[in-house]
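Trainee: So the chains spell out like this:
Protein chains: 2
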Amino acid sequence: MVLLSFDIWHLSLNSMVKKDYFIGIDIGATNTKLGVVDDNGKIVNQDVISTKEYTPDELLLELADIINDFDFKIKGVGIGVAGPANVKEGKVYYFVNSPGWDNMEVAAKFKLLTKLDTYVDNDVNVMALAEHCYGAGVNYRNIICLTLGSGVGGGIILDNSLYRGNDFVAGEIGHIPVVPEGYDCRCGGRGCLERYVGNEFIVERAINKIENGRQSSIMGLVRGDKSKITPRIIDEAYRIGDKLAEEIWIETGKFIGIALVGVVNLFNPEIIIIGGGIAKTGDILFNTIYDIIKQRAMEIHKRSIKVIPAKLGEVAGIIGAAMLARQRIESR
Amino acid sequence: MVLLSFDIWHLSLNSMVKKDYFIGIDIGATNTKLGVVDDNGKIVNQDVISTKEYTPDELLLELADIINDFDFKIKGVGIGVAGPANVKEGKVYYFVNSPGWDNMEVAAKFKLLTKLDTYVDNDVNVMALAEHCYGAGVNYRNIICLTLGSGVGGGIILDNSLYRGNDFVAGEIGHIPVVPEGYDCRCGGRGCLERYVGNEFIVERAINKIENGRQSSIMGLVRGDKSKITPRIIDEAYRIGDKLAEEIWIETGKFIGIALVGVVNLFNPEIIIIGGGIAKTGDILFNTIYDIIKQRAMEIHKRSIKVIPAKLGEVAGIIGAAMLARQRIESR
Chain A
5 MVLLSFDIWH LSLNSMVKKD YFIGIDIGAT NTKLGVVDDN GKIVNQDVIS
55 TKEYTPDELL LELADIINDF DFKIKGVGIG VAGPANVKEG KVYYFVNSPG
105 WDNMEVAAKF KLLTKLDTYV DNDVNVMALA EHCYGAGVNY RNIICLTLGS
155 GVGGGIILDN SLYRGNDFVA GEIGHIPVVP EGYDCRCGGR GCLERYVGNE
205 FIVERAINKI ENGRQSSIMG LVRGDKSKIT PRIIDEAYRI GDKLAEEIWI
255 ETGKFIGIAL VGVVNLFNPE IIIIGGGIAK TGDILFNTIY DIIKQRAMEI
305 HKRSIKVIPA KLGEVAGIIG AAMLARQRIE SR
Chain B
5 MVLLSFDIWH LSLNSMVKKD YFIGIDIGAT NTKLGVVDDN GKIVNQDVIS
55 TKEYTPDELL LELADIINDF DFKIKGVGIG VAGPANVKEG KVYYFVNSPG
105 WDNMEVAAKF KLLTKLDTYV DNDVNVMALA EHCYGAGVNY RNIICLTLGS
155 GVGGGIILDN SLYRGNDFVA GEIGHIPVVP EGYDCRCGGR GCLERYVGNE
205 FIVERAINKI ENGRQSSIMG LVRGDKSKIT PRIIDEAYRI GDKLAEEIWI
255 ETGKFIGIAL VGVVNLFNPE IIIIGGGIAK TGDILFNTIY DIIKQRAMEI
305 HKRSIKVIPA KLGEVAGIIG AAMLARQRIE SR
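Top to bottom, those sequences are chains A and B.
Residue numbering for the first sequence follows this note's numbering, starting at 5 and increasing by one per position.
Residue numbering for the second sequence follows this note's numbering, starting at 5 and increasing by one per position.
Any given hint could be a false lead.
Pairs involving identical chains hold if they fit within one copy or between any two copies, as the list cannot separate such chains.
[To be verified] With a straight-line Cα cutoff of 27 Å, these simulated DSS-like cross-link-like pairs (lysine-lysine) come out: (1) Lys298 with Lys79; (2) Lys310 with Lys92; (3) Lys247 with Lys230; (4) Lys232 with Lys79; (5) Lys306 with Lys92; (6) Lys298 with Lys92; (7) Lys119 with Lys46; (8) Lys310 with Lys77; (9) Lys315 with Lys79; (10) Lys298 with Lys95.
Bear in mind the hints are in silico, worked out from the structure with no lab data behind them.
Keep in mind the model is a prediction, meaning the values are calculated, not measured.
Here chain A stands alone, though its shape is the one from the complex (with noise of 0.2 Å):
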């Protein structure tokens, strides 16, 4: 009884002040985020629930319900997907690390599920939404976006609305080939940025030139175990003076760089926001992509162009899936 008067408090409280929420929702490979954001893009209450302990179905009810229990007013949900998404249908292309999902309407299942008009896209565009509303991307009109962990991502931003080309799947720039008769990808490509610095072949570029003889301090740090070494490892290593490592990331800088070569070339953007897990290696990364893109990117391109990193980590997820419902709502 006292639940019930502070939930109908509260939803008066609100509907009086006439604060709109959004629901944003970060489905990854291992685990999905869930927030409520105001207007603001502040997030008020946050949750987190197993991907993978769940099907496609049991997840979206699982979300759903924690949803229906909400009490705040809320306009509509955004979904960010780790995959290909069809923006217009609300439909998942597939998932790139997860089975169950090919072509599942999510958006229209969920809405039956809550009755809350749903909007789905892929997590790297939702993360370049979210940048470019409230973090490294504010004030910036054309924006390149690049996440950089298992899979290399890219959301790109023009005259400041999300570009997703013909069948929304634009913005692949983990899948720029960077050498031209390099190591098939798992995407059928051939050379792609991601079979050089997606986190498993930076690792695997360590092993080779481990096993080619080279000395290096992160066999100690594995204890000998190569199957441990990881990129946050590699990074120990680095920041004790580890010269192999410092290597792998000047390497990784430079493939990366490379690519934006190409990419500012293309798009004349004004700013490229990287984040992820290995972006946090720091300067050494940065610095080798920006030496890169000065020494070869054309001139007036290079001019101005800033690289610097995303904002919002963990949570952009969250208030990108938000911005998305915000936007597609506004613009109907």
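Position chain B relative to chain A; hints supplied.
Mentor: For chain B alone, kept in the frame of chain A given last:
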């Protein structure tokens, strides 16, 4: 007297039917083409003068004289230039192969000479406009245009509008790196597409192979004078079954294809339109480019991608420049 009355009659006929005309000017390094274009993209009058015979100021004066003699009802003038241009300020940054144009305010100067509203853009952007309005790109929203010649240029139509970027210099497909530590390019970059498939570099690759002892009918066609080898000669050799010439075209197609895989994954366009000199080589080049894209671009991106030749040829510059004027005037 007879001429004058004819002019008056023509003028009044023009204003009677209220037909609008636009002037399209295409200033190339060698020739400058000028045309009067009607509202349906039809060239009703055309002229050509030598660019090299004039200083930039004299050239503008000469063009203005021609226009001032016309008795069409001209609504505005568009000028395509062989170099990057600041569309907003009507300013040429520089010409790729002609001195004297640096930072010239071409639009303002030309308006002073003709009293006509004048707009300036890069020649490949203008070609993309023409192909979109009246050529191979009619009915497509997201178009990549590529021109192959001494330089390799690009023009990008997104959501039915020319995408120009932050300083109006976007679309430099010729300066996507295709060989990570490749040859220095005149743009200041390294391993750029243009450095491998620009006319002189196609010839360079042929000469290198011949100097390495490869037999080819190319040497017969130029009577032993290597300095006479051109892409056209290589194509002649190819058509009489020369293996080295075939190899050159396949290599050329591969370089272009690899750059376009990146472009397709980034822009997710519907169609790629290829024009310019060596595009006339035809099937062997287009098939190689298409095969590389079909083999290496991402699944959804390549599903319905088309690669087709430009349609408007030599007059694309005139028509596109006129369309530039029309679009800019209509969007004022």
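Trainee: A separate judgement is required for each hint: does it hold in the structure or not?
Mentor: Comparing the hints with the structure gives:
1. Lys298 with Lys79: neither (44 Å within a copy, 42 Å between copies)
2. Lys310 with Lys92: Only across copies: Lys310 and Lys92 sit 22 Å apart there, 32 Å inside one copy, limit 27 Å.
3. Lys247 with Lys230: Intra 18 Å, inter 48 Å, cutoff 27 Å: intra-copy only.
4. Lys232 with Lys79: neither (46 Å within a copy, 70 Å between copies)
5. Lys306 with Lys92: Between copies, since 19 Å is at most 27 Å while 35 Å is not.
6. Lys298 with Lys92: Between copies only: 25 Å across chains, 38 Å inside a chain, cut-off 27 Å.
7. Lys119 with Lys46: Within one copy, since 23 Å is at most 27 Å while 54 Å is not.
8. Lys310 with Lys77: neither (39 Å within a copy, 47 Å between copies)
9. Lys315 with Lys79: within (26 Å within a copy, 49 Å between copies)
10. Lys298 with Lys95: between (40 Å within a copy, 24 Å between copies)
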